[in-house]
Structure formats: structure tokens, C-alpha cells
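> So the chains spell out like this:
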Amino acid sequence: EAGVAQSPRYKIIEKRQSVAFWCNPISGHATLYWYQQILGQGPKLLIQFQNNGVVDDSQLPKDRFSAERLKGVDSTLKIQPAKLEDSAVYLCASSLGLAGAGYEQYFGPGTRLTVT
Amino acid sequence: SQKIEQNSEALNIQEGKTATLTCNYTNYSPAYLQWYRQDPGRGPVFLLLIRENEKEKRKERLKVTFDTTLKQSLFHITASQPADSATYLCALDGGSSASKIIFGSGTRLSIRP
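Residue numbers (our numbering), protein chains in the order written: chain A, 1 to 116; chain B, 1 to 113.
I should point out that these hints are in silico values taken from the structure, not numbers from a laboratory.
Please note that the accuracy of each hint is not assured.
Calculated cross-link-like contacts (lysine-lysine; reagent style PhoX-like; alpha-carbon spacing at most 25 Å) [as the list claims (entries may be wrong)]: (1) A:Lys-44 with B:Lys-71; (2) A:Lys-62 with B:Lys-71; (3) B:Lys-3 with A:Lys-62; (4) A:Lys-44 with B:Lys-100; (5) B:Lys-3 with A:Lys-44.
Computed footprint of chain A on chain B, listed as stretches where at least three residues anywhere in the stretch have a Cβ under 8 Å from a Cβ of chain A [said to hold, decoys possible]: (6) 13-26; (7) 53-63.
Sample of chain A residues lacking proximity to chain B, with all beta carbon distances greater than 10 Å (derived) [stated by the list, open to error]: (8) Ser-27; (9) Gly-72; (10) Ala-101.
Computed from a predicted model, the values in this text were never measured in an experiment.
Backbone N, C-alpha and C define an ideal beta-carbon position, used for all residues, glycine too.
Only chain A is shown next, with the shape it has when bound in the complex:
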């Protein structure tokens, strides 16, 4: 079975510019997650979708970050405008079952963002 796909793999932008990341989860997976992983730290949940509805976005900096999941499948995460502290790896993950049911998550390779 195909894994979680993410693009681009790498992105370098200047501060105050905007950037968008794309994620295609494993087919049939109901729940989709976006994480931010700063070097040396564990992944930090930004937003969690169940089908095409938001379950948790409490840690998403909504003044600059936005995310959507179209038709309950693909998802995009956008940052506008970017700050230096947004430099991190952005990971997308999906799971078969509903949020909170203990299903394992399948992660994509991530997008490494560098803000200069």
C-alpha cells in the first residue's frame, strides 16, 4: 500500500513570505494530522482532522497558519507570513480510525522548511 505523500520535501523562503505544504494520506484513512518538529524535539501537533472536519487546532497559530482538508482526502497547510521560528520539519500523518481511538499513525517523510 502506498504511504503518506508530502510535497515539497524541502523549502527555503525569506521571512514574511508565504508557503504551502501538501499532504496525501493513505487511502481510506479517516484522520489526518499535521505536526511541527523543531530540531531536537518531538513532533508537536498543530491540527487534527477527522474526515474533513477539524477535531483539534488548539496549537495552531491561527494568525499565520491555516489548514484545510478537501473532501476528506488531501490536505494543505499554509504559513503566511513566515517567521524565523517557523523553521522546522512539517510532518503529515494519517490513521485508519477515528481520533482518540488509539490507532497507529502513519507518517510522511516531512517537509523541511528553512526561513531566512
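Got chain A sorted already, so can you dock chain B onto it with the hints?
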């Protein structure tokens, strides 16, 4: 606030020995605890899940224990191999759609030949 601590940033052990990694948490009541492996430049890969009412789970050379009284999970790799070298992350799941999943910062394990 909710907090997870993984015992050390790095652990260096001899091939063939058992590696033991620790995950401690506070201000959280997880229904599930998961362990993931992460290699450089790649996303985490799921290894094991243990439920709050389970004491121990095994899979091949891996063993996880879960003590909700001590608020601690131990992750063991027996007969360790250099290929086991990676960062290992623990993650807590509160068990409802309203609970936030939180990851520890990971322990970097190195197995020397």
C-alpha cells in the same frame, strides 16, 4: 501543564545488550501510549501501542511496560543490533477525539558493534 520526559537525550550501548528507554509523564491520563522509531530525515514509524489497562506488550525483540501509578512506560530492545540505532519517541493519547496527542522529545539510541 501536560509534560512528557524521555529519560535521556542519548543512550549508547554495546551490541547484544538490552536497551531500556524511559518515558515519564505528568498531568495527563493517557488511554494509550505508543512508541515510534525515527531515523534521520524520515518520519516516525509506529512500533508498539499499549493500553492503560495493560501492563506489558511484546513484539519480537521489543517489550513495552506501562505503569499508570508511576506514570511511566519502559521500552526494551533485547539483543540489540547496530540497525536498532535511531531516535525513539513515546506518544500519549488521551483516548477521546477531544484529547490532544503529545510526543516526547525522544531518546537517541546508538548501538556500537
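> Any hints this thing doesn't respect? Which numbers, in order?
Result: hints 2, 6, 7 and 10 break, sorted rising.
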